[in-house]
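Chemist: Chains as they are written, first to last, in my numbering: chain A, 1 to 225; chain B, 1 to 230.
You may find that some hints are simply not true.
Unchecked claim - For the chain A half of the interface with chain B, some residues (derived, Cβ under 10 Å), not all of them:
{"id": "1", "residue": "47"}
{"id": "2", "residue": "49"}
{"id": "3", "residue": "53"}
{"id": "4", "residue": "54"}
{"id": "5", "residue": "103"}
{"id": "6", "residue": "129"}
{"id": "7", "residue": "132"}
{"id": "8", "residue": "186"}
{"id": "9", "residue": "211"}
In short, the hints are calculated from the structure, not lab data.
By construction, the Cβ of each residue, glycine as well, lies at the ideal position given by its N, Cα and C atoms.
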Amino acid sequence: MKSKIVDSLDAAVAGIPDGARIMFGGFGGAGFPNNLIQALARTGVKNVTAISNNCGTREGELGVMFKHGQVRHVIASFPGPHANYFQEQFAKGEVTCELVPQGILCERMRAAAAGLLGFYTTVGVGTEVAKGKEERVIDGKRCLLEAPIHADVALIKAEKADELGNLTYRLAARNFNPIMAMAAKMTIVEVDEIVPVGTIQPENVITPAIFVHRIVQAKAIRFQG
Amino acid sequence: MAENVTTDKPRLTREQIAQRAAQELTDGAYVNLGWGIPNLIADYLPEGLTVYFHSENGILGMGRRARAGEEDFDLVDAMKVPVTLIPGASFFHQADAHLMTRGGHLDVAVLGGFQVSEKGDLANWKIPGAKGIGGIGGAMDIAAGAKKLIVCMEHNAKDGAPKVVSRCSYPLTGIECTNTIVTDLAVIDVTPEGLVLREVAPGWTAEEVQARTEAKLLVKGKVAEMSLGS
């Protein structure tokens, strides 16, 4: 059986093509695959569609991808006041953005993961996000049809992986990571530690190995503020 | 239109708005607190009350903010602030966190607001004309799904413009979603008949509050004075 473990960050992100749709885990400074994001920026990949809760903190997190002009379109819930590279490029029209309510962003990714072609929700009815979406009434409630969000690649951060790719997360650094792991065609995970198979008790696995394709160990980087 | 507000009597502080809103919470409730004034509520819980605070990044049972030296930056609230846990806390991923907000599992959500309409529509994510694209975050999911939504805000904008309005002119977060409004002047319930003025700030009359409110406020009997508790 071919090992999913790769021995460098550059190898972990190798082969991601221009124009790829990429999900990026992390929220509130926790659970960002910062080593993988920096390695991805180094590849020079262009015209990326970035699917992420936010758009980075200055050069930190996803910010480096905007700094180097590598992102063309964003699907996000809260780009963020500190995402200055994104904000500048959005103002100039160099980057486009679809704003999605945070829970609907999660659920659209989960729909993609689950093989569902859409779902109806009351979230966003009567607001700007309803534009262009089918609206109907179910059980007397106005609701919108939401489509799944697929991705070619997910870059995620976990605390531990076993050699098969079963993952655990630390505290609230879990956030978007398990959902994105399930929704992308190829999931690449950065972990603090790789442990032998059997070390993680089966009932403690949060992301089963079936969703993980490449594993790389790296010393975590955290951006404050 | 609102009267000139420069001559107003003292209003509640932001902390006092939070303190009054805290009295709406019940023992054992699961509660989400939004940005701004709502985030201050945890500091004013009535004595003896245990509340399980929810955070949309996947925490139930958040305790107080972490003190200097005990911060763990993998344990932060939705505002990136390091927090602590109380006994019985749990972690889950963001989709399940919003399953809780949207699916009616939380007892109370408290959000900040720019405007609330007489039908309970809430606008709280974007100021028209402001620079940038804005950000929705979890507000629309929370507004759509909370069993009880309380909005905490100042009664009037800095220029005196009423924030309790007939129709919201700001981009909406949700329609007909607000149950109760707590401001620095009043506690107002959104009912099928319209907005009912439940309480006024100490020293204020119902007429004075109405004069600073664009929407019509219904008065049923004597309007009580807001009590801030201990």
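Chemist: Does the CB of residue 186/A sit less than 10 Å away from some CB of chain B?
Modeler: Since chain B brings no Cβ nearer than about 20 Å to residue 186/A, farther than 10 Å, the hint is violated.
Chemist: Would the stated hint for residue 129/A survive a check requiring a Cβ distance to chain B of less than 10 Å?
Modeler: holds (7 Å)
Chemist: Residue 103/A was flagged as interface toward chain B. Is the shortest Cβ-Cβ separation under 10 Å?
Modeler: holds (3 Å)
Chemist: Does residue 47/A pass the interface hint, meaning its C-beta sits closer than 10 Å to a C-beta of chain B?
Modeler: violated (20 Å)
Chemist: Identify whether the interface hint at residue 132/A stands, where standing means a beta carbon of chain B within less than 10 Å of its own.
Modeler: Violated: closest Cβ of chain B sits about 16 Å from residue 132/A, beyond 10 Å.
Chemist: Hint validation: residue 53/A versus chain B, beta carbon distance must be below 10 Å. Holds or violated?
Modeler: Constraint on residue 53/A satisfied, holds at 8 Å.
Chemist: Is the interface hint satisfied for residue 49/A? The criterion is a beta-carbon contact with chain B at less than 10 Å.
Modeler: violated (16 Å)
Chemist: With a cut-off of 10 Å on the beta carbons, see whether residue 54/A makes it to chain B.
Modeler: holds (8 Å)
Chemist: Going by Cβ atoms only, is residue 211/A closer than 10 Å to chain B?
Modeler: violated (12 Å)
The structure fails hints 1, 2, 7, 8 and 9 (numbered hints given earlier, in ascending order).
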